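Visitor: Protein sequences appear in the order of chains A and B.
FYI, in this note's numbering the residues of the first sequence are 1 to 294.
FYI, in this note's numbering the residues of the second sequence are 1 to 167.
In short, the hints are calculated from the structure, not lab data.
None of the values given here were measured: they were computed from a predicted structure.
Some hints could be false.
[Unchecked claim] Under 10 Å between C-beta atoms, here's a sample of chain B residues computed to sit facing chain A:
#, residue
1, SER18
2, ASN55
3, LEU71
4, ASP76
5, ASP85
6, THR104
Note that the Cβ used here is the ideal one computed from N, Cα and C, for glycine as well.
One-letter residues, chain by chain:
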Amino acid sequence: MPMTSLISVKMSLFVTHGKVFVWDTDDVMKLREDYRIVGNLVGSLPRAPRQNIQLGLPLQLAPDEVTLLLEKGFCELLESVKLSSQIDDDRLKQFTDMRQTSYQQQIPLFIGERRKEINQHRHKIIEGKKAKRQKLKQDGEHDENDEHDSIEEREDDFNIDDIAIPSIKPEQAIVQLFTESPWKSRMTSIHKEWQYPESDSDKLRYAVFKDLWEKKYYLTSGTKFGGDFLVYPGDPALFHSFYIAVCIPHHDKLTALEIVTLGRLGATVRKTVILCSICDNEVYYTSLQWTGIT
Amino acid sequence: MAVYPELRDHPKYIEAISWCPENEDQVMMAIQVFLDLCEVRGWFDVRTHHCREMNLVFLSGRSTNKSPTELILPTDIYSQISPADMKKYFSAIKLENIETNCLTLAVYNVDSTIVYYKMFSGLVPPENPKISEQKRRDKFENFQRSRNDLSKYIQQFTDERQTHGHS
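Work the whole structure out from these sequences, hints included.
Guide: Put into structure tokens, the structure is as follows:
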């Protein structure tokens, strides 16, 4: 159920090259929990970029999902204005200033971290210095006395804290990679020309998607199982899907062999294949199940 | 027991062909499915029926003595069925005392293998995996139980053979 709020703010969907993305984490969660829209994560995780087992933001939405969200008024579509090939000086200065400030702020932080590290390993460092001095004495003269040693030992404690720590160089500073355009406020504009669905097969697909969504199901792409949609009774992370939805125009002929093919597919994966068609402006469903007779 | 070398002499065929004389192929298939259900699958109370609306023969029967009656529609692998046709079948093929949204499609192949798939009007969720597991276990247990007496029968057989000799 959508959360009630005093001000209902429409979530932003961003169009890039005809594909629609959600970049905000809270929006992704809200779409899933409140509106039963699952989408597909297609981005690289910033902290684990060299793998594609777990993908991160942005969430890409299927055209059916976008049309539904727009129709129900939950979201608005935004498109970024084309980047000009010339970088203006003002923007360049802002960028370099930002980098410089960040670097300056990092210097004392790095020094602090380094000092902590040194304190943690102070014993090892002191021992190391002693051993080094011993070695030098053995190699050089042999007239030391105990007093001399103890003075030096006391001096070691001071030395630890006085060890000079150099500042990091600019090329060692951490640089922020933005997962959202920092120039957003200057670039986005409302996009009004979302055309899906246009063709008859798309219209059929969307009608089935909408009808099943209104029946409180969760829907994802059915390509893995040779159908149009996979239909879940609850969140796909918690449930297996019940149905493989196959959209067919109401008067399109299927051979009995094709029906057996679909039935077999469903039986092997413990799902029911549903044939969805539009009859008299309503969606008509036929379910196929294996009888279990061998 | 009467034997019918020609299926066309089988009384059930003769009865069915009188209902739809022009539809010889479908009637022949229907009788083959009838025989399959009766003799091979061991179904109970299998009957042939005439669907006047669509001029074809369909069947009814029960898979076990305690199951509800099901309706079976014989068809061949090349026949073309659209969702609109399915809707027509669901409304035309029915029996007076049976309330069901299920039709079993019996797909008859040229080499006489028959494949059965259930079609339902509307959304019907798959069976709960726990229930299918239970069914499978029950079936296995029944099978085991029927084999309990096997060794006794083998002994009986060998004893009889010995006492009656090899005359």
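Visitor: What are the numbers of the hints that this structure violates, sorted from low to high?
Guide: Hints 1, 2 and 3 contradicted; others consistent.
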